[in-house]
Amino acid sequence: MRTALVVLRKDLRMEMRTWETVPAMVLLALVTFVIFHFGLNRDTIAGQEAAGVLTATLLFAAMLGVNRLFVAEREQGGFDAFLLAPVDRSAMLVAKAAGLFIFLTALEVIAIPAFKLFLLGPSLGPVLPGLILILVLANVGLAVIGTLVSAIAVHTRARDLIGPVIGLPLLIPALIATARAAGPLFNAGHVSGAPPGKWLAILALYDLVFALLAYAVFDFLLED
Amino acid sequence: MHTTYGKGLRGLSIAAIVTIGAALALAFFYAPLDANQGFIQKIFYIHVPLAIVTLCGFIFGALMAVQYLRTGDRRWDMRSYVAIHMALIFGIVGLITGSIWAKASWGHWWVWNEPTLVSYLIVLLLFCTYQPLRFSIEDPERQSRYASVFAIVAGAFVPLNFIAVRLAQQYVHPRVLTLTGGNLPGSMLLTFLVSLLGISLLYATLWKYEMAAKNARSQVRRLRRTLLGEDTMRPVGRSAAPS
Amino acid sequence: MTILLAAAPALPLGKAGKFVAAAYIVFMLVILIYVAIMATRAQRLEGELSELQRDVEAARRGNDAAADREPQESVL
Amino acid sequence: MLAAMPPAIELRGLARYFGERTALHDVSLQVPDGATLAVLGRNGAGKSTLLRILAALLRPHAGEVLVFGESLPRRAFAVRGRLGLLAHEPLLYRELTGRENLEYHAALHRVDRGRVDEVLAAVQMERRADEPVRLLSRGMIQRLAVCRAVLHDPALLLLDEPRANLDPAASALVEPLIGRPAGRTRVLTSHDPRAALAEADLVLALKDGRVAYAGEPAGFDDARLQELYA
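Protein sequences, first through last, are from chains A, B, C and D.
Counting in our numbering, the first sequence runs from 1 upward without gaps.
Counting in our numbering, the second sequence runs from 1 upward without gaps.
Counting in our numbering, the third sequence runs from 1 upward without gaps.
Counting in our numbering, the fourth sequence runs from 1 upward without gaps.
So here's chain A without its partners, still in its complex pose (with noise of 0.2 Å):
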């Protein structure tokens, strides 16, 4: 944990000097919600469509953090100074994962209320805690998945294609679970804030999949 600790460190201390991340994923979603904005020819959604929408968003948002991810380590030998050290190896896996939920929740602390502005009919106030519990609970899956797919595809050639290609796929489940659970919170007459129960446990479950097997094959992807 306290190596994990110390990666993340350096990791969040080379995004605030270079900040070359979060600032590409924040304005890739605000134009996305424009694009959505002329692509739907609508002034403001609401409903489930709402929901696909945030989701589709922060899915592309997020794909480009999970590209940058390893390039740091794989060009300028941070895996093989990592490797030298007599670390647990799953602790790059754990602050890599931490470092992409940070990203996602600041890319969301903006991208959130650009999407109430811009798109969003119904008022964000009442269901903001189920909101907000909902984007917790799909940080945790892009942000393991992303780790996971970001490892694989950072050691291939065609890396930048490699990890969507695989990632896309992956996260369905999880996307699916996020858009549906989101879909009531966002309609015009909404009663309770609550979201679906069903569709958080879904997305729980998935998180905590994959998190395990992360981080019961994630050494195998370290190693030469």
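It cannot be assumed that every hint is accurate.
With a straight-line cut-off of 16 Å between C-alpha atoms, the simulated EDC-like cross-links for lysine to aspartate or glutamate are [what the hints assert, rightly or not]:
| no. | chain 1 | residue 1 | chain 2 | residue 2 |
| --- | --- | --- | --- | --- |
| 1 | B | 214 | C | 46 |
| 2 | B | 103 | B | 114 |
| 3 | B | 214 | C | 48 |
Which bits of chain A does chain B cover? Going by a derived footprint, with three or more residues having C-beta under 8 Å, they are [unchecked claim]:
| no. | stretch |
| --- | --- |
| 4 | 146-156 |
| 5 | 165-171 |
| 6 | 201-213 |
Residues on chain B that point at chain A, a partial pick, calculated with CB under 7 Å [said to hold, decoys possible]:
| no. | residue |
| --- | --- |
| 7 | 137 |
| 8 | 146 |
| 9 | 149 |
| 10 | 160 |
| 11 | 164 |
For the record, the hints were derived by calculation from the structure and aren't laboratory data.
C-beta: ideal position from N, C-alpha, C; glycine also.
Use these hints to put chains B, C and D onto chain A, whose structure you have.
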């Protein structure tokens, strides 16, 4: 290192031919016409076994990938590769037959409210990336390792995906042909089970056949190396298949 | 296939029959394509084997030539 | 006394392939504790591969590799932290400063932060230590890389062309850290074989991944050297 895969291949292929023959005979001469779907329902006897064998093949490949990571023995990676490769071929046939069935009974080549079909498509899409992934990793050892990790993750993905997609669909069409429903008449069930066995045997036969062919090729290469030295080796083109 | 064709007149064909036939034909076709691919591979393997045979024989002749000069040399 | 200790490095029939290509074949060798081994050979002879295997970054395909009596890669965990690798790449993040990089490695190796200042002072990099690595010259980066390699005071140093990009003054600076005076077991390669020979207690000459010579430097004369690089 001298494993042979050809052994028992003849018996297996004869068993596959006999069982599939029996399944065809049962399907067309023994099993009654379905009350709702009529003759169309005969596609069921080929489509569903293909789909089941495909998914089992993916999981089979994942289990062998686990073995590879545990032992580091490249033969397990080869087995896993062939299992996934064959399952993918079966899967594409299964998808086409499923699509034909959808067209025949609902008038559309593709229906979104058939959750099994949709999850099946997602799983196939995922496993379609297995070959490109292998192909874009140059170092053979790394290729085996990464492909195994992918196979394990994707194998675990299969059941999860089915749960999620099934829950996401409302059942618009009556589900007459669920296996879990147990509403299959005995004669249909028997026909179905014989076809399932037949397709499974076919899968096993082709898996063994492919393994034997790959093994023979690598043995020839090894023989050339030991008899004539490494210098006489023609460089092999980069490939997705383990060597 | 033959069973299907032989049985066809006795069965309620028409639109439904065509779809069922199509499904089974796709299955057969893919197996045939697979057999064809394996045939070309078997052919290539055969070629590789005979090439190896030729190379080994050539190498052995080279050795024999050396053995003529040094009669003690054993056969490969 | 020395003879009773296990050799720092012992290789028996080591082999490593990259696909069909042989990178190392049947390499056997013993390096006693405290000795310096020079690995010579042309580009692509397998020098860097050997170093990476010794650093437990690459797994051997055949044969045995013992470092401090621990078999690699199985016991790699026991060896990590006791060896330092100075590779071709500096293994430093370009966007971080030299000090941040070293503090990161210090944290990974659980070394006291004071040690960072100590090594920075030793190579006279204190003044430039707070600039991002990407702004530094290659020689300065190499000096930082030396700091990184010796930060955790490793008993075994693996040096891949350690003096590349260093002028004589800088070379003298790093000498107490990675040179003979440091008293560590060393494996070094060099673009200058004669200089490496002068430093070495043992020589391993590699040609196409196979051992061309292994033994005392005295037995490795100019003729052999010329043949190796021919």
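Hint check results:
no. : hint            : verdict
1   : 214(B) - 46(C)  : holds, 13 Å
2   : 103(B) - 114(B) : holds, 13 Å
3   : 214(B) - 48(C)  : holds, 13 Å
4   : 146-156         : holds (count 4)
5   : 165-171         : holds (count 4)
6   : 201-213         : holds (count 6)
7   : 137             : holds, 5 Å
8   : 146             : holds, 5 Å
9   : 149             : holds, 5 Å
10  : 160             : holds, 6 Å
11  : 164             : holds, 4 Å
The structure fails none of the hints (numbered hints given earlier).
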